[in-house]
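Trainee: Letter by letter, the chains look like this.
Protein chains: 4
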Amino acid sequence: MSVASSRHFLQIPGPTNVPDRVLHAIANPTIDHRGPDFADLALEVFDKLRAVARTSADVVLYPSSGTGAWEAALVNTLSPGDAVLMYETGHFAEQWSELASSLGLRPETIPGDWRSGVDPAAVEQRLRADTEHRIKAVAVVHNETSTGVVSDIPAVRAAIDAAGHPALLLVDTISSLGSMDYRHDEWGVDVTISCSQKGLMLPPGIGLNVISAKALLAAQSARLTKSYWDWQPLLTAGKQGYFRYTPPTNMLFGLREALSMLLEEGLDEVYARHDRHAAATRAAVRAWGLEILCRAPGTAPGTDYSSVLTAVLMPGEHDADHLRQVILEHFDTSLGAGLSKVAKKVFRIGHLGAFNDATLLGTLGVVEAGLRLADVPHRPGGVTAAIAELTGRSGE
Amino acid sequence: MSVASSRHFLQIPGPTNVPDRVLHAIANPTIDHRGPDFADLALEVFDKLRAVARTSADVVLYPSSGTGAWEAALVNTLSPGDAVLMYETGHFAEQWSELASSLGLRPETIPGDWRSGVDPAAVEQRLRADTEHRIKAVAVVHNETSTGVVSDIPAVRAAIDAAGHPALLLVDTISSLGSMDYRHDEWGVDVTISCSQKGLMLPPGIGLNVISAKALLAAQSARLTKSYWDWQPLLTAGKQGYFRYTPPTNMLFGLREALSMLLEEGLDEVYARHDRHAAATRAAVRAWGLEILCRAPGTAPGTDYSSVLTAVLMPGEHDADHLRQVILEHFDTSLGAGLSKVAKKVFRIGHLGAFNDATLLGTLGVVEAGLRLADVPHRPGGVTAAIAELTGRSGE
Amino acid sequence: MSVASSRHFLQIPGPTNVPDRVLHAIANPTIDHRGPDFADLALEVFDKLRAVARTSADVVLYPSSGTGAWEAALVNTLSPGDAVLMYETGHFAEQWSELASSLGLRPETIPGDWRSGVDPAAVEQRLRADTEHRIKAVAVVHNETSTGVVSDIPAVRAAIDAAGHPALLLVDTISSLGSMDYRHDEWGVDVTISCSQKGLMLPPGIGLNVISAKALLAAQSARLTKSYWDWQPLLTAGKQGYFRYTPPTNMLFGLREALSMLLEEGLDEVYARHDRHAAATRAAVRAWGLEILCRAPGTAPGTDYSSVLTAVLMPGEHDADHLRQVILEHFDTSLGAGLSKVAKKVFRIGHLGAFNDATLLGTLGVVEAGLRLADVPHRPGGVTAAIAELTGRSGE
Amino acid sequence: MSVASSRHFLQIPGPTNVPDRVLHAIANPTIDHRGPDFADLALEVFDKLRAVARTSADVVLYPSSGTGAWEAALVNTLSPGDAVLMYETGHFAEQWSELASSLGLRPETIPGDWRSGVDPAAVEQRLRADTEHRIKAVAVVHNETSTGVVSDIPAVRAAIDAAGHPALLLVDTISSLGSMDYRHDEWGVDVTISCSQKGLMLPPGIGLNVISAKALLAAQSARLTKSYWDWQPLLTAGKQGYFRYTPPTNMLFGLREALSMLLEEGLDEVYARHDRHAAATRAAVRAWGLEILCRAPGTAPGTDYSSVLTAVLMPGEHDADHLRQVILEHFDTSLGAGLSKVAKKVFRIGHLGAFNDATLLGTLGVVEAGLRLADVPHRPGGVTAAIAELTGRSGE
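Protein chains in written order, with UniProt numbering: chain W, 1 to 396; chain V, 1 to 396; chain Z, 1 to 396; chain E, 1 to 396.
The hints are simulated quantities; they were obtained by calculation from the structure and are not laboratory data.
One or more of the hints may lead you astray.
The list treats identical chains as interchangeable, and a pair is accepted whether it falls inside one copy or across any two copies.
[Stated by the list, open to error] Derived DSSO-like pairs: lysine-lysine, alpha-carbon spacing no greater than 30 Å straight-line:
1) K341 <-> K239
2) K239 <-> K344
3) K341 <-> K214
4) K239 <-> K214
For reference, chain W alone in the conformation it holds in the complex (with noise of 0.2 Å):
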């Protein structure tokens, strides 16, 4: 049952739990904007930021949402009436793209399945065929947090490399940057979109961009209007460690610290954690008998599970909000909702940020004695198996 004194476990993919310490850095008494010691903290925000996102390119923060980074990526490159080639990995590319619309561009959309990542051929196949250059960005989801189906990157890049295109490469990394292995340099990417209420470990209310010198390039030439999102003022005020607004400076203090974490941690163990929650929430899933959104890597092009959140599609006619329902009321935790075009059909499992096995055992606990609650068709033994794949052990 809920229980007002214990902790809710926050286990939708994201805003994920924020780490005591994190929470007690924002907490700190808010300092002046313009003196010395915001600068060091700003400039120290950069470099960490950088190192997570292994980079050297620069780093723009905004006081906003997700959203308000994946506008920035596009008002800063673009102009009116560009074409810009997106995928359909899940709910989040399509609202991209709707967003790509509502500022004069005109997304052209591969059409996906909702269970598989972008594929690479048909992303070659269509740049191929734009033979004018009329489309002046890629933006891809590299991990669909909708969904729980992760793109390759890479392939993605170098999709666009082998057709000899010149389009920018815009990616979405909100729900995988400090969850997932990701190189904004080493992977060719030109704009890195990211917010801080998922693998950064933070509440929401900071939104960012990296920036390729490409697209600082591209920058002086795109033509939509802009003003708060504008990275030339940002840049220029962020070489000293200052903004070109009042900076959301308590939530500074709490990235500062997040970002010390992880790379205290070191971010390859950090992702070796995801992966290995992952795998163990996999093994539940399947030990319950329940199929994965996310198709199985090989089966499709380009396709890969997500290490930070795991879509389950419910049996038969079963509601999956009504299950979320009976987990929230009984068991005091939260799952992801399936949105749009699943809605209903499958609930999200995530297992990212601040996160451990405990926790990843009583999550998949209560998801257990929700689905019997519910009357969900299951079989029991999913933190069992769970356990098992936690252990490396198959049990006696």
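Chains V, Z and E: place on chain W using the hints.
Mentor: Just chains V, Z and E now, with coordinates in the frame of chain W:
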């Protein structure tokens, strides 16, 4: 001397000192922004915000700075090429004007001397001359944070009405809302622009608009490009207590707490407190023999002293930034800098938000100490004068 | 694996996980312990503590551990050389007996097997034999934290009454108060001993006594040396909401919050929650094929399972401390050690305080994982059994 | 006026204002007090405490008030009927003497006038007269918190040595440790008594003893009853970083942080800061035309002004408690009351712990404002005088 263990005095005119209750609220674990607890939070915040803005109109909140809220007010109500009548009360009025330009609007700015408020007669005259109603909005700053001058908003409203002009009235209350008497409905304002880090006693990170019915109507035909700032989807989601994109949940925890504190104290009591601290500050400045930047009420139309900050002119060629640096280094107290036109010529004392008599006297004390250390000509006794003002007694 | 960013599972049987509300309360600025706000705080704490202990009697609080509260109960009621009847329910009963000796009392301890509670018949028999009434107090542990065995306090009271013996009844409720049904008045207890860090959901630092009228009377002739622990000056000051010496103010902030939380949830609901979690834990232990240290109710007089912790016997020669170490290192979860006589033979799972189903399942999950990793013979499926118990359904 | 949103000025001479860093440390989740992280914490605290007390001797910590630490020093070193030489420096010296009586000791108190420190010559004379060495300990207060008078501990040590007397030297540093120069080893102290809520910048809840080898030896033959306060088991457990009973874990988190802050600032810098604030406070008192309770250095043997508090005599028949009440109600600032003999005759200004110039000037400002409001005869300008003292300049 600056001591790490003691509390910094953040006496810039915003961000202001955040009360412990608010900092603790912000440090609560993040919750699911699509769950029922979130809706309760958001609806309570909207209600209390309306109470503070003295309105029954719609409110939208953004994860943004105040700059974002400026942009939101413009892009939702105006179309490319629209004229906006602005008034040069100081740095922030100028910034807003530049923002309007960058969005493709045509700001027409009535020049000012940075020491007085909006002259309603000048507004009326300009509007009467606009017989074609090319001016679609009058955009003014209630409390000009760069100068410590307040404009008479009801008089501006009366000027618009006297001219029989249909322009919308957009008012920046960034540094007045929650600290000085302000009445969105009664004063006939169409869009109120504000943000979190001044009188609302929060860290930066939330921007807001209060929107009149007339402004909502104008929004239907406004053709500036917008997505993030678009009122409509936010208003629709907001009716149920939700947001179109991920909201700044922990900041909203803090906003609920801060609004509760303002309403517990009583708005009239809050305003009287600010008035009293401002009067004591001016008494100190006069005792020092220094000059207040704001012209005395009555000497310039529509002008009044700010109750939230006092800008002080440096005597002779003395550099205000040097004084501020001395005070920061020796007394761990941050004061506001003079901006653009008055850079180095004034320093600004913030006396708003979470503030009491002891903090005021400590602030004035270190300013007086700083004047000594920096060899700025002045008469001692400013704190004594402030004490006399605060106690309503001239001493013996 | 242990991850710095995620929350440690503190599943020892106290100190328990402290709720965020309580941690935030403790982090409030310290106030003047002689001012009016402090008196309001203290009086509220006393009242709410009485509600939780179901008493209208006097309460004294100490800046101390529970050990201090043991000492306070003895030195206020007894004189050098007095006999105290004690019962060897486990390690803590023994410790209390040693404490009595060191104070110059003569504990007479009825031996026990550390797997059962106080045998009321044995108490009655011993008291009947004490025709000279040399025994001045019967001192028993309600919930023996070292073994997970509960004794029947009303039956002990009945035994004293049946023997017609005037001895005081002193009861250690250190790990039961606020978690298990306990009734100071109705059960005829003379001194209730407890402290902050178990069911009261606080960090350690407060010890307490609840004092019957009979105990107060006994205090008038008690001649053990005392100063810090002396009830009288504390009771006198306490009537006004003050303390004789500087009180642990911030811990009292936390205590007020924690008591409010218990009363908001409802004491009966709190107890039912603990009963339910204990039943699920026992279901897991049985499913693993392991043995619970506490004898089954009915097999030993006055004995019942603890609802706040379960002590589990290791099979064969397996070392419980090795298992605990594996679980700490791999799963960032702390379990309780076996103490003295049962050292290395048992481990203890705390399931009390701020605790919910997900946390329980996470805890049991990592215990099962630890059994695997440490190669302790067991059957998998403990969590499955616990889920069945929690949901009241046997699964399919 | 008092405003809920702003920070209370807690200017009693302890508990002192707790820095945010310490409050945040205290708000960390409680850990297993038998686990390895706890041992690291405790050993670090012991080490840093030794650095602050300038000693290499043993340290024991108690979950207790300072009163408990007084008791601990006595019961560990003395036997029933032992004489203890004490000196009536003020209220707290008297309280300690009463405590000694209640434990069965025979305090012999040299009378004092509450305005001067320990007269070393009087101590020497009394010890010389004690040819049978019935006096087993000399117990004096370093900084008498009730009067703001400091005694010369090295001179007391020299007096004992000059008398060739074997008595132990017990020193109460409750309000001096961490704020004023104090050297356990160099000054030849046998037991240093202190606690958390003054110069150590913590909330109340920890008492402590620093123990010389000679005191340890004395402990072997001390026969006062003891259990909770017994050094021996605490020292044994402490060697490994553990406690005999449940330690106040969260307070230890705070103590680690506070000690780190003192050592980061530098002890000499900390002491100089306190000296400077005390000098500025005295300048203000003199400017008001009021009298300082402490006699001027040089006018009474072994006497010096306290650097942590200043007790101020009220002129004529004016009631200090009325003044304090006016200041509390109007200015949200707590000052210390006069205690017992000087009740209502003095008020005490605490200027210790986490404190800076702005806080001092704010405090003195509201005292001056309170003197006005309460119609206490005084000259204005106290803050002006304090500013002159702080800046080392007489103004113009």
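Trainee: All hints, please: hold or fail.
Mentor: Status of each hint after checking the structure:
When the C-alpha separation of K341 and K239 is checked against a cutoff of 30 Å, the pair qualifies only between copies, where the shortest distance is 24 Å, while the shortest distance within a copy is 43 Å. With identical chains, the CA atoms of K239 and K344 are at most 30 Å apart between copies only, with a shortest distance of 23 Å across copies and 47 Å within one. In the homo-oligomer, the alpha carbons of K341 and K214 never lie at most 30 Å apart, since the shortest distance is 36 Å inside one protomer and 37 Å across protomers. Proximity of K239 and K214 under a CA criterion of 30 Å is satisfied intra-copy only: 19 Å inside one chain copy versus 43 Å between copies.
Of the numbered hints given earlier, the model fails hint 3 alone.
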